[in-house]
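Colleague: Let chain P serve as the given structure and place chain L on it in line with the hints.
In order, the protein sequence lines correspond to chains P and L.
My numbering numbers the first residue of the first sequence as 1 and each following residue consecutively.
My numbering numbers the first residue of the second sequence as 1 and each following residue consecutively.
Hints are not guaranteed to be accurate.
Identical chains share a label here; the pair holds if one copy fits it or two copies do between them.
Each computed PhoX-like pair below joins lysine-lysine, with the alpha-carbon atoms no more than 20 Å apart [what the hints assert, rightly or not]:
#	residue 1	residue 2
1	110	183
2	143	208
3	208	183
4	110	85
5	85	50
6	183	143
7	164	208
8	5	76
9	208	5
Since the hints were made in silico from the structure, they are not lab data.
2 protein chains.
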Amino acid sequence: MANKKIPLPTVNRLSLYLKCFYDLAASDVEYVSSDQVATSIGLNPAQVRKDLAYFGKFGRRGFGYHVGQLKEHISKILGTHRQWKLAVVGTGNLGRALLMYPGFQIRGFKVVAGFDVDPAKVGWELDGVRIYNFDELEKIIKKEKIDIVIITTPRDSLDAVMTKLRGTDIKGVLNFAGKHLLKDSNIIVRNVDVALELEQLTFFLTNKQGKE
Amino acid sequence: MANKKIPLPTVNRLSLYLKCFYDLAASDVEYVSSDQVATSIGLNPAQVRKDLAYFGKFGRRGFGYHVGQLKEHISKILGTHRQWKLAVVGTGNLGRALLMYPGFQIRGFKVVAGFDVDPAKVGWELDGVRIYNFDELEKIIKKEKIDIVIITTPRDSLDAVMTKLRGTDIKGVLNFAGKHLLKDSNIIVRNVDVALELEQLTFFLTNKQGKE
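Pulled out of the complex, with its shape left as it was, chain P reads as follows (with noise of 0.2 Å):
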């Protein structure tokens, strides 16, 4: 696989077109053009042409490509051809909504604990996982073989549940908690804000720039 630092709009596009993989292998298709890929993901099919040249020869004249090998190719580049295990820290709603996430389970994320403050919380278990205390993120973390946490506390929390999770193996963190998080030493952090993805829309309602 070449080894090269793709850029990140690429690896961008790289989910989008895994996304596309599983529905055509979910309906037996084999082989596909990368016009139908441009089409159903709403880009120019040179842009796909490119994408996926980047790490080698898929296509075949005549054919298209080949859907389960590049699936399986894709996978292994975005990590998910292993399972990753989850935790969420903060069962409000969204922590609630994102435990029992059933789009997780088939692109190779599965959550394996929750975490609470709250001692009503405590003991719950939402759909098979098992809500913990807070005070016990960095054994749980460590007997579960946590990978990644995704943070749904208020803003102002955040900062306790980092200091907890330096002293952990935690290797990345999705954070929802609506303050920015720079990246850490050692853990690797990606930032969600609805109101920024909302914002987002504004600018091109506004402006007329009009496109996704």
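Modeller: Same frame as chain P, now just chain L:
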């Protein structure tokens, strides 16, 4: 205001700047340097200066940027100086979390209605927001002058929701339904997919390119 086409990554960073200026204004900070902004967001100062220069001269040698002025200006560019009315279609855990999301109001967004097909949920009020029957979608959108719809239904319901929305004056859709939506003739679409966000994280964990 310069109306040349702003590159997408810059638009994305504008939301981060705006969030930063909101926090500074809340702490009564009047002027800020590009270095301070850069540090708090995790960018390099040259990038910050380049982005902000896009919109005219805001820096003042020796003083830095005027927080209040820049906050207002970026709000205008992003279109959030006015209020946008939102509806949430699908009131499961995620839908309810967004219906009651405390971070919307300050950024210019107001959720005014929820919709569900489940008769057991219709008629509820959450934080003063009423849940209507999905059948009333067009009527309530018109009556409440709703601008943007957040969709959190199961993916199989997405087409039915979009078919109804095409008959309304809705301008934008934020789609959490787990199925990629293409741009629509008159509706601007933005897709949010938590599994995709996790894949972007595992890409970096797997390939050790190691940055946000």
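Colleague: All hints are to be evaluated individually against the structure, with a verdict given for each.
Modeller: Hints and how they fare:
no. : hint      : result
1   : 110 - 183 : neither (24 Å within a copy, 31 Å between copies)
2   : 143 - 208 : neither (51 Å within a copy, 25 Å between copies)
3   : 208 - 183 : between (33 Å within a copy, 13 Å between copies)
4   : 110 - 85  : within (5 Å within a copy, 35 Å between copies)
5   : 85 - 50   : neither (33 Å within a copy, 40 Å between copies)
6   : 183 - 143 : neither (25 Å within a copy, 45 Å between copies)
7   : 164 - 208 : neither (45 Å within a copy, 23 Å between copies)
8   : 5 - 76    : within (15 Å within a copy, 36 Å between copies)
9   : 208 - 5   : between (34 Å within a copy, 10 Å between copies)
The structure fails hints 1, 2, 5, 6 and 7 (numbered hints given earlier, in ascending order).
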